[in-house]
Amino acid sequence: MKLGKLLDKVLLAISRRPNSIDVISSFTAVIFGLLFGFIVMLIINPGAAPQGLATIIFGPFQRGMRGIGDTIFYAVPIIFTGLSVAFAFRTGLFNIGAAGQMFIGSFVAVYIGINWGFLGPFHWPVAVLGAMLAGGVWGAIPGLLKAFRNVHEVVSSIMLNYVAVHLVSILIRSQIYDSARGRAYSVESTSHMPTWFLSDIFPRSSINIGFFLAILAVIIVHIVLNRTAFGYELKSVGFNRDAARYAGMNEKRNIILSFTIAGLLSGIAGALVYLRPGISMATAEVPPEAGFTGIAIALLGLSAPVGVLVAGLFYGLIDRGGYFAQSLFREEIVSIIIAVIIYFSALSLFTKHLIAKFIRRRVKRDVELQESKGEIK
Amino acid sequence: MIVDIFNEIVSILSYVIPVMVALLIVSLGGLFSERSGVINIALEGIMVMGGFVGAMSMYLMLYIIGLPIQLAVFLAFIVGALVGAGFSFFHAFASVSMQSNQIISATALNLFATALGLFVARTFFGYRRINVDESYRFDVPFLSEIPILGDLLFKNAFLSTYIGIVLLIVVIVILYKTRFGLRLRSCGENPHAADSLGVDVGRMRYAGVMISGLLAGLGGVVFMIAFQNRFESDVRGFGFLALALLISGQWRPQRIFLISILFALMRVVASRGDSIMGLRALEVPTDFFRMLPYILTLVVLAFTSKHSRAPEAIGEPYDTGKR
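Those protein sequence lines, which keep their order, are chains Y and R. For the first sequence, this note's numbering begins at 782 and goes up steadily by one. For the second sequence, this note's numbering begins at 1059 and goes up steadily by one.
Pulled out of the complex, with its shape left as it was, chain Y reads as follows (with noise of 0.2 Å):
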C-alpha cells in the first residue's frame, strides 16, 4: 500500500516532466541490454550466470580504487566519441564515421609520439593536438560532400570509414612499421599521456589525465550547444535546413562546421587510445569498435553533453566489468550487451510510448479512486 503510493508520486512527478520519460527509457535499454546478456550466460552456464551479472556490474568496484581508475580510463575515449555523435546528433547529422575520424587521429597521433621526441614536455599535448585536427580533417569531408554535392552523411561515412581503416594501413606499412613485431612502433614515453596525481589516488591503474580531458570537453561542448549564438546556429540547420536559410544564416558552412567539430572530438578519443605505455597500433580491416559504441553512448546519454558522460562511465564499467568476468565467461558478452542496448535505444519510441501508457493508466485510476471517495472534487 505504501509503496503503491510512493510509485503513484513518482509516476505523478514524471508525467509533469515530460523529460524524464526519456531518461526512463534510456534505463529501460540499459536494463534490457543487462537481462539479455544475463539470458546469454543463462544458456552458456547456468550456475554461474548470477555471479557473471553480478562482477560485470560491480567487478571494478571491488577491486578498489585500481579498478575504479580502470573504469575511467577506459570510459573516457567512448567519452569523446560518444561526445562526438551526440553532437551530431544534436545538429541533425547522423556521425556513423566516429570509427574512421578516430582511427585517422590514432594513426596521427602515434606517429607524432614515434617522430617527434625532440618536443620534450610539449610532446603530448602537440600528438593530442594533431590527432584533433586529423579526425577534424577527416569529419570535414562527409561535411563537404553534404553541403555541396547533397551526399547523405551516412553513406559517405560509411565509405570514409574503409578509406580510413585501409589509409592507415598503407601509412602504417610505409611510415612506422615494425616488421619484427608485425605492427606499429611502440611510442616515446614523454608522448604518454601524464597521470599527475591521479596516479597517487588511483594506485596500479591506468588512468591519465585524459580523464580531465573529457570533462572539459563536456563543459565546452555543452556551453557552445546551449549558450552561444553559434551552437544554436548549428541547431537551427538541424532542425530546419531552409527555414535555417531563409533566416540568413549560412547552412552550408554549418554543416562542414558540425561535422569538423564532431570529427575533431573523435580524433582525440584516437589519440587517448593510443598515448599511453603497453599498447602499439596494428593494422586492421575493420574500423574500430569504438566509433560504433559512441552511438550507443550519444543515444543512452540523450546527446547531451553530461548525459555522454554518465553514459560513458557506465560503458567503463561493465566493460572492466566483463574484463573481469573473463573467469567466467569470454568478455564479448559485455558487447552483446552493448548491441541490445543500441537496438532497445532505436526502438525508444515504444518504450516511450509503453511508459507513457503505463503512468497515464496508474494516474487515472489513482484519480479516479480519489474521485469515488470525494477527496477531489
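Worth flagging that the hints you see were computed from the coordinates, not collected in a lab. The reader is advised that the hints may include incorrect statements.
[Stated by the list, open to error] Incomplete in silico selection of chain R near chain Y, CB under 10 Å: (1) Gln1160; (2) Phe1177; (3) Thr1181; (4) Thr1344.
The beta carbon of each residue, even a glycine, is placed where N, CA and C say it ideally should be.
Based on these hints, arrange chain R on the given structure of chain Y.
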C-alpha cells in the same frame, strides 16, 4: 607469350568470379531492402550471422555427421539464408513496425552479430574462429571440357557461382517482371501512393528487408567458403563493400552486375597482387586496391547525388498520418 597471358587472365578470373558472386548476392539482397524503402546497413552483420551459423552447421555436417562436401555446402547455404532472414526480422520490426531510426537499429545488428559470433566461437571452440578447412572447388563433368568457357566457369568452380548466376536472373525477373516487384518498388518510391492503391506498405517492407536478410545470410556462407575456409567473427567489411556496390550501381541490378566485376577484381588484386604478373613491379600497397572501391563510390555519390536515382522514400518510416 600469348598463351601465358591467356592463362594468367583465366587464373585471375577464376579468383574474381567467386568474389564477384559473393558480392553480387549480398548486394542484390540490399537492393530488395532499399527498393522497398528501408536502408539496410546491417548487411555486414547479417552476413556475419549467416556465416557464423553456417560455419557451425558445416562443422556439424562435415565432422560429426560426415556428409559429402558439396551436399554439406548446399545445406549450409540454406541454413545461412534462413538465419539471415530470421536475424533481419529484427531490423524489419524496428524500422517498419516501430518506425525507429533505421541506421541505429542496423548498427545494433552489426555489433550484435560480431559479438555473438566471437562469444560463441570462443566459448565452444576456444578460439576466435571455427575451422571448416576443406577444398570446396570442383570440376563440373563434361562442361569443364569446353575450351575457354569451361576453364572459366566449370573448372575449379564453387557451387556458389551457379547459385549467384541463377539469383541474378531471378532477382531481375522478380523486381521488374512481377506484380510483387512493382509493388515493392512503389513502396520505396512513393509509399503513400502505393498505400492508396491498396498495397500493404508495411508487409512489402517486411518482405524487402527479410529477402535482403535471406540473400545476405547466404552471402555470409558463400564468403566463408570461398575466402576463408573458416569463420572468423567478421567478414572483413564485405557487407559494406556490397553496400558500396549497391550505391555505385545506383540501385539497378544490371549496373550492379557490371560494377561487381570491377570491385571483385580490386579485391582479388589486393589479396593476390603478388602472384599477378606485372603488379609486383609496380609496388603499389595492396591496401590501395582495397580502398579503391570505397573511393569510387564516394566519387559516384559526389557526381550523382544531385540527381540521384536512389529510391525516393528510402530511409523514411511510413507514417499514415502524413498522407
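Structure-based check of each hint:
1. Gln1160: It holds, given that the least Cβ distance between Gln1160/R and chain Y is near 8 Å, below 10 Å.
2. Phe1177: 4 Å, holds
3. Thr1181: Where the cut-off is 10 Å and the nearest Cβ of chain Y is about 6 Å from Thr1181/R, the hint holds.
4. Thr1344: 9 Å, holds
Comparing the model with each numbered hint stated earlier shows that all of them hold.
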